[in-house]
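Q: Sequence:
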Amino acid sequence: MSASVDTSSAAPSTGDRFRALLETQRAEFAREREEALAECAQSVPDPVAQRRAADLKDTIEQVDAALARIDAGTYGACAKCGTTIPEERLELRPFSATCVACTAR
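Following the numbering used here, the numbering of the sequence shown begins with 7 at its first residue and continues without gaps.
Read the hints as simulated data drawn from the structure, not as lab findings.
Any given hint could be a false lead.
[Unchecked claim] Okay, the calculated beta carbon distance ranges per label pair: (1) Lys86 / Lys63: 21 to 27 Å; (2) Thr90 / Pro53: 37 to 43 Å; (3) Val50 / Thr89: 14 to 20 Å; (4) Ala26 / Gly88: 32 to 38 Å; (5) Val54 / Ala33: 31 to 37 Å; (6) Thr90 / Ala44: 36 to 42 Å; (7) Pro51 / Glu93: 39 to 45 Å; (8) Pro51 / Gly88: 42 to 48 Å.
Computed from a predicted structure; not experimentally measured.
The C-beta atom is built at its ideal place from N, Cα and C for all residues, glycine as well.
Hey, can you work out the whole structure from these sequences and the hints?
A: Here you go:
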């Protein structure tokens, strides 16, 4: 039995729901990053905007990795210990790759 959230044809709505959530969040993060980059392009570079743009880039990469996990059928399984990540956590942070216990370590 797989430790990931079922994204197979038996439960397409779960995978589709998280894919839609991730794609929506990715678009929002990309928009926010563009705004931060625009702030960086002003005559006086804003170090806060630069840090924000870098953080958003990292978050977008995490979203892309989560989408890849959906495609691979491993979405919802902790990348460190393999246990199932609770759906409640995935709903709050759908690009989570680890369970709460492994994140805290």
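Q: Would you mind marking each hint as holding or not holding in the structure?
A: Here's how the hints hold up against the structure:
no. : hint                      : verdict
1   : Lys86 / Lys63: 21 to 27 Å : holds (23 Å)
2   : Thr90 / Pro53: 37 to 43 Å : holds (40 Å)
3   : Val50 / Thr89: 14 to 20 Å : violated (48 Å)
4   : Ala26 / Gly88: 32 to 38 Å : violated (26 Å)
5   : Val54 / Ala33: 31 to 37 Å : violated (23 Å)
6   : Thr90 / Ala44: 36 to 42 Å : holds (40 Å)
7   : Pro51 / Glu93: 39 to 45 Å : holds (41 Å)
8   : Pro51 / Gly88: 42 to 48 Å : holds (43 Å)
Checked against the numbered hints given earlier, this structure breaks hints 3, 4 and 5; the rest are met.
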